[in-house]
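Peer 1: Here are the chains, one letter per residue:
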Amino acid sequence: MSLTGEVSKFRKRRAGELDEGPQTTEFLTVVIDNQLFGIPVLQVQDVLRQQTVTRVPLAPPEVAGALNLRGRIVTAINVRCRLGLPDLPQGAKTMSVVVELEHELYSLIIDRVGDVLSMQNKDFENVPPTLDSVWRDVASGIFRLENQLLIVIDVRKLLHHSVH
Amino acid sequence: MDDLIVEFITETNESLAAIDVQLVNLEQNPNDKNLLGSIFRLMHTIKGTCGFLGLPRLETVAHRAENVMGRFRDGTLEVTPDYVTLIFESIDRIKYIIGDIEATGKEPEGSDNDLIEKLDAVYEGKPMPGSGTAAPAQAEAPKAAPADPLQALWDSIPAPADPIAAALNAPLSGGTVAPQAPAAAPTPPAAAPVSKQAAKDGAEDHTAKESAVSNQTLRVNVEVLENLMTLVSEMVLTRNQLLQIMRSTTQNNEFAAPLQRLNHVVSDLQEGVMKTRMQPIGAAWSKLPRIIRDLSHELGKKIDLVMMGEETELDRQVLELIKDPLTHMVRNSGDHGIEKPADRAMAGKPETGKIILRAFHEGGHIIIEIKDDGRGLNTARIKQKAIEKGIATAEELAGMSNKQIHQFIFDAGFSTAEKITSVSGRGVGMDVVRTNIEKIGGTIDLHSVEGQGSTFTIKIPLTLAIVSALIVESAGERYAIPQLSVQELVMASDKGENRIEHINGTPVFRLRNHLLPLVTLQKLLKLPDAPAKANGKNGRSNSGNRYIIVTKVGAYVFGIIVDRVFDTEEIVVKPVAKMLQDIELFSGNTILGDGSVIMILDPGGIAKATGEISVADTTAKDAETEAQQARAGTKTSLLLFSANDAMPKAVPLSLVARLEDVSVPKIEMSNGQMLIQYRGSLMPLLKFSDSMPLSEDGTQPTLVFSDGTRTMGLMVGQIIDIVEDYINIQISSDKPGFLGSAIIRGHATEIIDVGHFLKGAYKDWFRDHGDEDFDREDMKRARRVLIVDDSPFFRNMLTPLLSVAGYEVTAAENPLRALELEEQGEEFDVIISDIEMPEMSGFEFAQTVRKQGRWMKTPMVALTSHATQNDIDRGREVGFSKYVAKFDRDTLLTTLSQTLAEHRHGSAAGGAA
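Those protein sequence lines, which keep their order, are chains L and P. Under the working numbering, the letters of the first sequence match residues 1 to 164, in that order. Under the working numbering, the letters of the second sequence match residues 165 to 1077, in that order.
In case anyone wonders, no lab produced these hints; they're calculated from the structure. Check the hints yourself; a few may be wrong.
To be verified - If the Cβ cut is set under 7 Å, some of the chain P residues that face chain L in the computed set are:
hint	residue
1	Ser397
2	Met399
3	Glu641
4	Thr684
5	Gln686
6	Leu689
7	Leu691
8	Pro692
9	Ile747
10	Val761
Heads up, the beta-carbon is just placed ideally off N, CA and C, and yes, glycines get one too.
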């Protein structure tokens, strides 16, 4: 998707706050390295506990492997790796959020899953340009919560890096 | 009703529904080529199919309509609403006829002349007869027809009803008649219900039949099956878990029985669902024998259809998609490929042509071969056609190999058939075939030799198919290898006989008489050592045993080293996620019975990754290998004999004129030369080696060589055997009298250089031709040499000699045969030709070659036993670059390498200029 398309979409979203349908969007919150992220709830297929995955040799580093989810093969993505964060220590529990992109399932391995939050569209901010480029790449925007900030993950961009 | 017809109706109804929509679109976009093409193809399919089902009326309408569509497609006729109406009319007519076939099982009576006249008129570019408004009316008329018989039935009902009325009225009409009336009355009322019933039956029958046809097969969306499959897999996993729990608990036995039952049901269900997806390919072939039978009747040909591998299982979806292309192709083979019996007899072939249809699994693909022994593709006509159609220019064609030229037949609208028959020949077939095959990710390849037949090879990837796979382990991870590419399993230990040896760190293995190249899966996949293994807890580090999976890709055999081998499992191959598709080593992934995901190794990818072969053009490679084998000739008959040492010697049997036992006492000496009286003249004798003792007073086995009037005898120790084998000289020899060593029948065998002995017997057997001293050129790749010589003796002699020197040799027995090779697109680096030949002299041959064709620039060397200056001059004139005396081994070799070097420099300079 072209950048200009994205930008104009954001503009529209911001400008159209008053007349554009619902004023809130729901996000499933996840925590990675103590940072709160949000995945649009409509994109979430499933939430899994830690799973055993089959390693895929020669795959991009962020591909943790493949796993079986009710007869469908799901590609597991180590989001920490994708974001350039160090891996959790061995034995630490992780969780996964399963999303679908272009008819394929991906399991995003994150530290833990939080609540589903309903966000006011007025609290939406663009990603600060000073953010690390990898993070800027996967984030579609930021919501201001009372105590912290929620980074909205753009699933397509998160996976795009590897999907080509 | 005939199964074929039922299927035809179902298919055609679907096609017709599609055509309707597309025609409406066409009217709006009259210039949409794709749309035109697809409507045309649909018509073509209807036409083609009904031709074989014996539906002449339907066929005629479809054929004529297709004619008109053909003109639309070629752009010679503009699409106007009037014409579209006409096509609609034809489609309505087809629908009407099909409706009738569905109801009655045969075509309705009636004629379509009105419609055909109009279609023909349009096709020929004349104005349509009859106004536009008249047309629908005419089309309407037959539509009413099917109602007629029914109407008649209904009409007939009131008639028997009359007597009832009469009977009812009778008592009222008069007293005296009454007693008679009841007597008469019972009969007609009885008849009435019967005929009413009959009428009703007729009506019900009518509707029942229609629904029966559409109900016999139920088309289910593949996605539904796919989902079903997923659900069943999940169910199997859950069942497995339940069984596991059951086994671990000793109480709760009340669950045991139902669970056992569930277990069976689930297994059956799984099998059933699997079955819904798989079908033997024979299902797609069932129509073919009949089609071929009808075709041979229609065309007056004798065709034998041989089908092999019918049981090869194929995914249903794939099967559906290749069914039509296969039918098309087999029909094409029958129609275009196989010649008429008379023509075949003339070409020296059996009258009955053969079409061989073969399906098999290979390297994770399903291969379907359609092979005929007919006339093959006419390359010249294809070229001509390609130029006509503006697809390629004459210059472009000149640079193409025959194989490339043959590919044109897959282009849309390309047909070289002399006349368009109702069977085929519109150039629709092959482009549809290719489109359909490529749709499922397959490839189609073609190999054709003019006069000998064509072979089409369809290769379909296994992405959709179920395969049996071998589960292996490397560095603690499991992988699946398609069983089909696994040739054998070998257990190798670190020491002992079955050990893996290393050459500069590269593992190799002695497998029987061959050295098997090896790749280590762990290294290939860059896997770290599994921690458990490293501790030597279990697995190979303890026992030192490893397994070699001997794998075959195309003609390349190699071994994959793995740590452990498990069982084989039936797997459904699923494509890998998009982000993993770049990894060539995997062809897919799958879920095993225990629920874990496993990657499927692609032997082709592994072969490619190890740098041995490029799999992308395996087919080309295969063809090349095939051609190479063909060039290297079939097996050669060899005479094996011994001399004074243990090493067996071999000589091509064709060089040996006779075997004689020479009586040693009868040998005479003259001027230091052994002679014997042989058939009334003196024959020089040579001992194979000087140190070889002759049996004192017995006989000595002798090989007699003969060329023309001259004969000589070579005395050997013992004749061992005559064998057939490939001469593949592996070590060439400098020792006089030896060409080199080859493996014959599993033994290292010396191949002797007959020329050496001939020269020994007659100094002038090959007239010497001065000493030319040239630097030997290092030959990196096998240069291809063509030898043209009418004497089998010299051909047989030169072939091994030049092979030893690293040339790839093709021999032709006369210039005409050589020119045929040119026609077939063979390329050579140098041509060696004899001068004296019966049909055509070497001079004439050179002249012909130089005039035109792909050999125009190929250097030519003349080979002769008598070379005068005149001859040499004449040779230069006609295009020979060098003259070499027959069998002056060294000069010939130096001349060849020098000529090649000159030629290379020449063309390099030419390229730079």
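Peer 1: Hint by hint, say whether it matches the structure.
Peer 2: Against the structure, the hints:
no., hint, verdict
1, Ser397, "holds, 4 Å"
2, Met399, "violated, 9 Å"
3, Glu641, "holds, 6 Å"
4, Thr684, "violated, 13 Å"
5, Gln686, "violated, 9 Å"
6, Leu689, "holds, 4 Å"
7, Leu691, "holds, 6 Å"
8, Pro692, "violated, 10 Å"
9, Ile747, "holds, 5 Å"
10, Val761, "holds, 4 Å"
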